Every structure is written in structure tokens, then in C-alpha cells.
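*Asks:* Each chain is listed here by its residues.
Protein chains: 2
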Amino acid sequence: MPVTVAVDAMGGDHGPVVTVPAALAFLEERPDAQVILVGLAPALTAALAKSRSRAKARASVQACTEVVAMDEPPADALRKKKDSSMRVAVNLVKDGAAQACVSAGNTGALMAIARFVLKTLPGIDRPAIASQLPTRKGVTTALDLGANVNCTPQQLVQFAVMGSALATAVEGIERPTVGLLNIGEEDIKGNDVVKETAELLKAAPINFYGNIEGDDIYRGTTDVVVCDGFVGNVALKVSEGLVVMLYDFLRTEFTRNVARKAAALAAMPALSAFKQRVDPRRYNGATLVGLKGVVVKSHGSADRLGFTHALFKAHAEVVSGVLDKIGREIAAVPVPAAAEPAEQDAG
Amino acid sequence: MPVTVAVDAMGGDHGPVVTVPAALAFLEERPDAQVILVGLAPALTAALAKSRSRAKARASVQACTEVVAMDEPPADALRKKKDSSMRVAVNLVKDGAAQACVSAGNTGALMAIARFVLKTLPGIDRPAIASQLPTRKGVTTALDLGANVNCTPQQLVQFAVMGSALATAVEGIERPTVGLLNIGEEDIKGNDVVKETAELLKAAPINFYGNIEGDDIYRGTTDVVVCDGFVGNVALKVSEGLVVMLYDFLRTEFTRNVARKAAALAAMPALSAFKQRVDPRRYNGATLVGLKGVVVKSHGSADRLGFTHALFKAHAEVVSGVLDKIGREIAAVPVPAAAEPAEQDAG
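Residue numbers (the numbering used here), protein chains in the order written: chain A, 1 to 347; chain B, 1 to 347.
In isolation and in its complexed conformation, chain A is listed as follows (with noise of 0.2 angstroms):
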């Protein structure tokens, strides 16, 4: 059965100019594919003209009338844009035109369309951002890394178990470890939250590992790492602050005089595949994970092969049946769901 996913065509800083070619870049790689491309028609038809692609043949056009701004508010977009390019491709979702929806765009705006219009599996209370970082033993599955600012214990369990589907899924990880994101400074270890939620862990279907520290994150030391979304927000950009600052510094470093350059030259091999190996690039692609479709964000600067991956990220969650999964091991979650009140949906 082919695979249809919906693409935002409008989203991101850069629009059809990087999404169109990335999803016929992603046509070539996976035969079983089809793209859905909606955005505003003159837009669609000067970037398609542009590519000699025999993967044309299956991409369609889903013409639309607006666009979400990138600084747009987010209830603003669900309310206003009733025929943004993003909402489009989310009802294509809810329609079952298409398995998947990936988009560049404001992720706030993607969020409360995503659960407007899609709804959370059940179970779940509130979806959350999930995203693969590198690690020195591979990769590990991150979440939430910002949608969700205030966390119940009861909310970080759904996560550990979205989490460790998500791995099993996507990185056929048999039983993936889940490491719950702690301090290890004071007496008194994490707050009451991180505490209760170790103690529900321990119950929960999942292969928990217990508490890790931020440094076991890139160390690898458990597939899965569980906090909430400050936490992980903070600490997701911090990284890329970090690897900026590193890079400016090595660059700094090469090119101090005629000497160094000479020097970079020969390094330039070692150089480059150090950078490949942690190109941000292969990594881009956050799931919006528990609700009832699979979307996908990409980050908003992202260049062709960037949002190329999101792509292959979305089909693979597909293909790999994530959404089945989530739904069996969170029915296997012994504590009930927080007794928050029912969703409260914006629209």
C-alpha cells in the first residue's frame, strides 16, 4: 500500500523553494511513496517547473489560500486560517488522504491544529515533541523537548511510553531502556514530580532504566530520556548553542594564519566527516507524538536535505505502524490517566 504523506508547502523560512525539491528528493528514495503538496497555487507551479524529477508523477497539488506566519500566534492560526497551507495538510491527515503530514512551519500553530483537528489517542492527555539526538553509542529518542511546559507524573509516564514505541518503531530497539531526566546534586534528589514519576515508572509496561543525569543524554546511556518540556526545550538548545560555539571556534582556530589553513586543508577529510556524523540535518524532524495521525515538524531553517529527512522520518513512522504501537502500550499503563478535564481545545 503506498504511502501518502501531506507537505506543508508553505512552511519554514524558506517555502517551496526547499519543500518542493525535498519532496521529490524524498520520492526517489521511497518508491512506495506519494506527496501531497499544498500551498498557494502560483508558488506549487513555479517550483514544480523547476524540476525535471520523474517523481513528479507522484506529487499532487492541494491548492490552499493562506499561509501561518512563523511568529503568527498559535490560537490566531487555528481560528483564522481555516485554508492555511498547514491546516490543509492536517485535515488531509483526519481524511485519510494522507498517512502522515510534515511541516517547516510555526510550531506552536502546528501543535494546536494537530490536536484540534486530529485529537489525542487515547489515553494520552496531551501529545508531546519527540525528536532522535545523537549519541556516542548511536541515537536516543528525546521527549518532550517543549510542548508541554507544566508536567504531571501521570503525563511523563504517557511520554515514557510514547517514547519507547517511538524507539521500537523507528530504531527496532527491542525493549529500549527509558531514563527519567534528574539532578544528581543536594540530598534531595529532582522535584516531587520527577520523584512520583520514577515510582509510577517502575510499574509502568515500559524497560525503565531510572534516573540519569544531563550528561548521559549524548553519552547513550539509555534509548529513551524522558523530562518535560522546559527541561527538554532548554536542553535541546543549549546543544545546538554549544555545537555553534564549538564550530565557530574550530573554524577560528584553522584559519588563524597561512599555516593553519595549510593545516586544515590536509584536515579537511577527518573534518568533514566529523561534521557529517553530527549534522543537525540527519537528525531534523520532531514527531508530534500522541495524537491520532502522524505530523512531523521540521525545523523552520531547514535546507532540502534537512527537510528531505523529515520526510523520511514521517514515512518511516508510517510504514512502521507507530501509531498501533502507542495505542497497545499505553492501554498496558496500570495507572490510570491523570484526572485532568477533558481536552480544551482552542478552536
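To be clear, the hints were calculated from the coordinates, so they are not data collected in a lab. It cannot be assumed that every hint is accurate.
[Said to hold, decoys possible] Result set (DSS-like, lysine-lysine): computed pairs, CA atoms no more than 27 angstroms apart in a straight line:
#	chain 1	residue 1	chain 2	residue 2
1	A	Lys275	B	Lys137
2	B	Lys82	B	Lys119
3	A	Lys56	A	Lys94
4	B	Lys82	A	Lys195
5	A	Lys261	B	Lys195
6	B	Lys261	A	Lys261
7	B	Lys82	A	Lys261
8	B	Lys261	A	Lys137
9	B	Lys275	A	Lys137
Fair warning: this is a prediction, and the values are worked out from it, not measured in the lab.
Given chain A's structure and the hints, the job is docking chain B onto it.
*Replies:* Relative to chain A, chain B alone:
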């Protein structure tokens, strides 16, 4: 006036083998300094006997009978080991025999002992752990890095004032900019504590820059970064883990084959300069700020160079009068300190 630093010579993974030579190296660089080495007499005598440094004349020994273990519960260290090297070193500050103390021992124990013995400065509810981190522009002073898992907005304001005073005193920055660590995703940015803190900081006697995100730390966006101890500790440890991973990858690429190894030789000056620039030993030494005394915590695994830098830091804080500065600035905060119950000392 000479500056006397009390050294917990038994603390850390290595004890006197590192702390004693480091103290002598420190004395050689700071002619106005004296040290009091606190520890078990045989160990100190052995370590001192190995050195021919003329700076020995400015080092005295204070014998004690106990040592706090690295994994000892802080409450035990506080209650049961009244004659530990850590406790005696802190007592020397309390008694005025030293102006600062430095320990590479158990962080929780050091915090508990320092709080109990020295007490907090007027207007400060709880001490924080502050440290300088390298940035693309220079350094930034970040706090809290792990002492306080849950913080009130009033406490975060106190951290901001203390961090600002530290940056001025130690880094010589006139009106340091202060950033509040937050996240940018979603429409509702940050949690309630962070939002209320931002309002209070606008009225505080500091140069408040506004909210910043994780990547701003290493970008050097602000001179001071304020966050709670959970987030700060995760950010710090994530950074440590990421640097280790990147070094590991670089080493792998530069040793992959003979050609790569030859390139590494050519690239050595650049790679060494790069490594030195981000050498964590140069940034070793976290300040337990907010106490009636200068207390600096060295990394437990610090080697001689690292421990020497922690001593430099303690010296600089004494010379620059950081305690008086914090006292003056906290008195200017318009908001009354949090109406918490009186300090709960565990002793």
C-alpha cells in the same frame, strides 16, 4: 592585607595529591595569598614533603580527624562529622581566620555545612551555585546550577542580583545584562514562575535583558543567565556530555587511518588551541553564592590545574569584595524577600 584561603585538602577524587600542589601553584601566582591546608596530618605531611616550592612558607596546616565521603548523605556529613576537613575549612571562614574556602568534595555536604555554619546574607533566602561558562563573546555567569530544585520568583530575583554582583566583581562588567532562561515554543511561553519572575526583574536594580533561550547561553547574549537549579544543572551536564561526545567523534575521525593520523599531526596546533579554549579546567570553580563568606566548589575530578583555577576564583571574589556588593544590591530590591519560614538548618 593578605588573602587567606582555607583549603579542604581531603576533598575531591584525588585529595592531597592534587589539592596540595595546586595550593602551592596558586600561592606562587598570588603573592598576597596564604592558604590553610585542612586535612589528615599524615596525608598533608606526605604531600607537602614532595614539594620544594618556596611558597610553602605561606601555607599552614590545620589537622583534622575526619573526611566527608563523596557519596555521603549531606545530613550525615553535617551532623556526624564535626571534625571533617570540609567542616573545619568552613569554620575557618566563619571565625575570620580565612576569607574564603575551597573544596572539591561532596557538593550537597558542602552546601549543607556552609549554610549551617555561615548562614545566608540578609535578604537571601537560599544560596545558589554560580559558575562562569565560556561563550562566543567571552564568558557568562550562570546560576543556579543545582542547589535549588524548586524556586520562587523572589528567589530567582535574588539569584539575578547575586549573579549581577558576581559578574561585576569578578568579570569587571559595569552593568551586566541579565537574561531569564525560558523557552520559545508554544504561545504560552514559560511556566508561571518564570512569567512572574520576569515581571519582578523589570523592577529589580539590575540591567534586565529579558527572556532568553537555551542557545543564548553559549551565544553570549547576556552577561548573566538566571534559572532554577533543576534546569541549570541539566543544562550544565548536557553541555559536559555533548563536549565529551564531540571530542570523541573528533578523535575517532583523526585516528581512522594512517592518512588521517598524519593530518592530525598537521592539525595539532589548531586542535590544541581549540581544546585549550574550551578547557573545562579553566572554568573550574563554582561559587556557593548568597552566604556570609566566600565558598568555592571545585569539580570533584579536578586535576591540579583545575583546582588551582578554583583557588584563583575564590581569591578574586575576596579581593573584589563580592559579598559587600551583593549585600548592597540586594538591599535595593524593592520586592520583599519571599515569606518563607525561617531557614531550616539541618544541624
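*Asks:* Would you mind marking each hint as holding or not holding in the structure?
*Replies:* A quick look at each hint next to the structure:
Restraint check for Lys275 of chain A and Lys137 of chain B: satisfied, since their Cα atoms lie roughly 23 angstroms apart, inside the 27 angstroms limit. With a CA separation close to 17 angstroms, the supplied pair Lys82 of chain B and Lys119 of chain B stays within the 27 angstroms bound. Straight-line distance between C-alpha atoms of Lys56 of chain A and Lys94 of chain A comes to about 24 angstroms, which keeps the hinted pair within the 27 angstroms bound. Taking the CA atoms of Lys82 of chain B and Lys195 of chain A, the gap is about 31 angstroms. The hint is violated against a cut of 27 angstroms.
Between Lys261 of chain A and Lys195 of chain B the alpha-carbon distance is near 48 angstroms, which puts this suggested pair outside the 27 angstroms criterion. Using a Cα cut-off of 27 angstroms, the hinted pair Lys261 of chain B and Lys261 of chain A holds, with the two alpha carbons roughly 17 angstroms apart. Only pairs whose Cα atoms come within 27 angstroms are accepted, and Lys82 of chain B paired with Lys261 of chain A is rejected, the gap being roughly 58 angstroms. Using a Cα cut-off of 27 angstroms, the hinted pair Lys261 of chain B and Lys137 of chain A holds, with the two alpha carbons roughly 23 angstroms apart.
In summary, the hint linking Lys275 of chain B to Lys137 of chain A is supported, as the alpha carbons are separated by about 23 angstroms, within the 27 angstroms threshold.
When each numbered hint is compared with the structure, violations occur for hints 4, 5 and 7.
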